[in-house]
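K.L.:
Given next are the chains, with one letter for each unit.
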Amino acid sequence: MASQDIIARSATTTAPSSIRHQEEVAKLIDTTKCIGCKACQVACSEWNELRDEVGHNHGTYDNPQDLSAETWTLMRFTEHETDEGNLEWLIRKDGCMHCAEPGCLKACPSPGAIIKHANGIVDFNQDHCIGCGYCITGCPFNIPRISQKDHKAYKCTLCSDRVSVGLEPACVKTCPTGAIVFGSKQDMKEHAAERIVDLKSRGFDNAGLYDPDGVGGTHVMYVLHHADTPRVYAGLPDQPIISPLVGLWKGVTKPLALLAMGAAVLAGFFHYVRVGPQRVEEDEHPSPPDTSVHVVDPAVHVYDPNRPGGQGEERP
Amino acid sequence: MNDKPIQRYNANERTNHWLVAILFIMAALSGLALFHPALYWLSHLFGGGPWTRILHPFMGVLMFVFFLGLVLRFWRANYFIANDRLWLKRIDRVMRNEEEGVPPIGKYNPGQKLLFWTLLLCMLVLLISGVVIWRAYFSSYFGIGSIRLATLLHALAAFVLVLSIIVHIYAGIWIKGSASAMLHGGVSRAWAKKHHELWYREVTGDKQPEPPINKKG
Numbered sequence: 091m092a093s094q095d096i097i098a099r100s101a102t103t104t105a106p107s108s109i110r111h112q113e114e115v116a117k118l119i120d121t122t123k124c125i126g127c128k129a130c131q132v133a134c135s136e137w138n139e140l141r142d143e144v145g146h147n148h149g150t151y152d153n154p155q156d157l158s159a160e161t162w163t164l165m166r167f168t169e170h171e172t173d174e175g176n177l178e179w180l181i182r183k184d185g186c187m188h189c190a191e192p193g194c195l196k197a198c199p200s201p202g203a204i205i206k207h208a209n210g211i212v213d214f215n216q217d218h219c220i221g222c223g224y225c226i227t228g229c230p231f232n233i234p235r236i237s238q239k240d241h242k243a244y245k246c247t248l249c250s251d252r253v254s255v256g257l258e259p260a261c262v263k264t265c266p267t268g269a270i271v272f273g274s275k276q277d278m279k280e281h282a283a284e285r286i287v288d289l290k291s292r293g294f295d296n297a298g299l300y301d302p303d304g305v306g307g308t309h310v311m312y313v314l315h316h317a318d319t320p321r322v323y324a325g326l327p328d329q330p331i332i333s334p335l336v337g338l339w340k341g342v343t344k345p346l347a348l349l350a351m352g353a354a355v356l357a358g359f360f361h362y363v364r365v366g367p368q369r370v371e372e373d374e375h376p377s378p379p380d381t382s383v384h385v386v387d388p389a390v391h392v393y394d395p396n397r398p399g400g401q402g403e404e405r406p
Numbered sequence: 248m249n250d251k252p253i254q255r256y257n258a259n260e261r262t263n264h265w266l267v268a269i270l271f272i273m274a275a276l277s278g279l280a281l282f283h284p285a286l287y288w289l290s291h292l293f294g295g296g297p298w299t300r301i302l303h304p305f306m307g308v309l310m311f312v313f314f315l316g317l318v319l320r321f322w323r324a325n326y327f328i329a330n331d332r333l334w335l336k337r338i339d340r341v342m343r344n345e346e347e348g349v350p351p352i353g354k355y356n357p358g359q360k361l362l363f364w365t366l367l368l369c370m371l372v373l374l375i376s377g378v379v380i381w382r383a384y385f386s387s388y389f390g391i392g393s394i395r396l397a398t399l400l401h402a403l404a405a406f407v408l409v410l411s412i413i414v415h416i417y418a419g420i421w422i423k424g425s426a427s428a429m430l431h432g433g434v435s436r437a438w439a440k441k442h443h444e445l446w447y448r449e450v451t452g453d454k455q456p457e458p459p460i461n462k463k464g
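Protein chains in written order, with the numbering used here: chain F, 91 to 406; chain W, 248 to 464.
Be a bit skeptical, because a hint or two may be false.
[Unchecked claim] Cross-link-like lysine to any residue pairs, in silico, SDA-like; alpha carbons within 25 Å at most:
id, chain 1, residue 1, chain 2, residue 2
1, F, Lys242, W, Ala285
2, W, Lys441, F, Lys344
3, W, Lys423, F, Val370
4, W, Lys336, F, Lys239
5, W, Lys423, F, Ala353
6, F, Lys344, W, Val409
7, W, Lys336, F, Gln368
8, F, Lys239, W, Trp381
9, W, Lys251, F, Pro367
10, F, Lys242, W, Ser386
11, W, Lys423, W, Arg340
12, W, Lys423, F, Lys344
13, F, Lys242, W, Lys336
Hint data in this document are derived by calculation from the structure and do not stem from the laboratory. Keep in mind that this is a model prediction, so the values were computed, not measured.
Generate coordinates for the entire structure from the input sequences, incorporating the hints supplied.
P.N.:
Laid out in structure tokens, this is it:
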């Protein structure tokens, strides 16, 4: 994508280019239509040339077990028992949510290593990534992973390379049930609304769209049967927000701290200018006391009984 | 009167101090590079962002190890004594270079002692939180909550440490003779008597009584 399309940039305090207007895009994942075939995982690894290590079966359908630097999307399977005692198999395609207010971008210390495009895609630029892992600290969804091979951070790019030439992301193209769709964010919301009406008519009273406000909305959204309890979908956060600890760490405190350090240096300088240094006089060779002058301690009064009047020594 | 200088720091103590100082400067500059975008250019001093990220924790750990050397050597001299309270009360006079009413103090003044304990606390927080956020080796053993807290504490402790060291460096510029004590080891008798009289009497065996300080003075 063109550099004019970058509307937010990590570790940058000036405004990035913002003259172009682009429609926001979104990927809508309908968990109610997903059959858990993992074609999206395969399409992702094919398009992005990723070959994760073959792992082991851990007793669930999740394979591999977790996201990694080489697995950018992952089906998470949950066996959920409803209040009525029915068993539901909930399957959620996990991956970067492409937040409107990305915690990773806020936390990143390297200028330009994380960028947000005008169409809403949040992308990592590994060329600028220093491998500190602050993006992991900032992310409310536990998505970025640092590769142990090159110590760079990786995550879903929403196929920004495909989207920039008018194609849909690879996972969308391959999904056999139409559970993943892609388009403008507005269109995706309308599509989701239709789906939710349908789901409600079929008894899923709590069906709804997951587009959480806490991160300014996301450019990957879910249709959930249980939108009242997103956490049942393998721990999807109910109210994702950038952690207040991260806010405190990366917020207004840092410029203030910088100011305080500068002020401390200035305070020292002006103390030196106004009060001046502390020097020890008569360094090294103290002059011997002058014995020719009789020094009188003003606190001592000499009383000479032989002198009339008996007064103390006259003092000047 | 004997006018031979008094030794304040021996060669090992001086070496140890300057090793900590050099490592502090390096750890601080590389840490500040990641602290705020305005200082990211400092990463070029270390060969770029990734090298800054790689080197910073090693410099920090080394600094802590050498700082422990200083702690073992000097912690006893940094116990607070009775006069310290009054000295701190009269800190405004100290700041104005006035000596009247400022009580005599030992090898270290209470400001130096506070600095010593603050540095120790900051270094401990930096070490522990630094291990937690050291991605390459340790972060995988900690949960995201601990990592977030550690990141915040690391920045906070580093901020306090940098401020303390700014004060420390300025004190060395302000009090003539103290920097050369750390460079060459010796101080003049007059210096010792003026700035650390109790220590001076202890070292020289000089029992000369001083007029008591009037608390109201």
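K.L.:
Taking the hints in turn, state whether each one holds.
P.N.:
Verification of the supplied hints:
A hinted pair counts as satisfied when its Cα atoms are at most 25 Å apart, and F/Lys242 with W/Ala285 qualifies at roughly 23 Å. The hinted pair formed by W/Lys441 and F/Lys344 fails the criterion: a straight-line CA distance of about 40 Å is larger than 25 Å. With a C-alpha separation of about 7 Å, the suggested pair W/Lys423 and F/Val370 falls inside the 25 Å cut-off, and the hint holds. A distance of roughly 57 Å separates the Cα atoms of W/Lys336 and F/Lys239; the hinted pair therefore is violated under the 25 Å criterion.
About 23 Å separates the Cα atoms of W/Lys423 and F/Ala353, which keeps this hinted pair within 25 Å; it holds. Annotation: proposed proximity of F/Lys344 to W/Val409 holds, straight-line Cα distance about 13 Å (limit 25 Å). With a C-alpha separation of about 19 Å, the suggested pair W/Lys336 and F/Gln368 falls inside the 25 Å cut-off, and the hint holds. Restraint check: the Cα-Cα separation between F/Lys239 and W/Trp381 comes to about 16 Å, which is no more than 25 Å; the hinted pair holds.
This hinted pair checks out: W/Lys251 and F/Pro367 have alpha carbons roughly 24 Å apart, not beyond 25 Å. Between F/Lys242 and W/Ser386 the alpha-carbon distance is near 15 Å, which keeps this suggested pair within the 25 Å criterion. Straight-line distance between C-alpha atoms of W/Lys423 and W/Arg340 comes to about 17 Å, which keeps the hinted pair within the 25 Å bound. For the proposed pair W/Lys423 and F/Lys344, the alpha carbon gap of about 34 Å is over 25 Å, so the pair is violated.
Taken as a hint, the F/Lys242 and W/Lys336 pair is broken in the structure, with Cα atoms around 53 Å apart against an allowance of 25 Å.
In this structure, the earlier hints numbered 2, 4, 12, 13 are contradicted, and the remaining ones agree with it.
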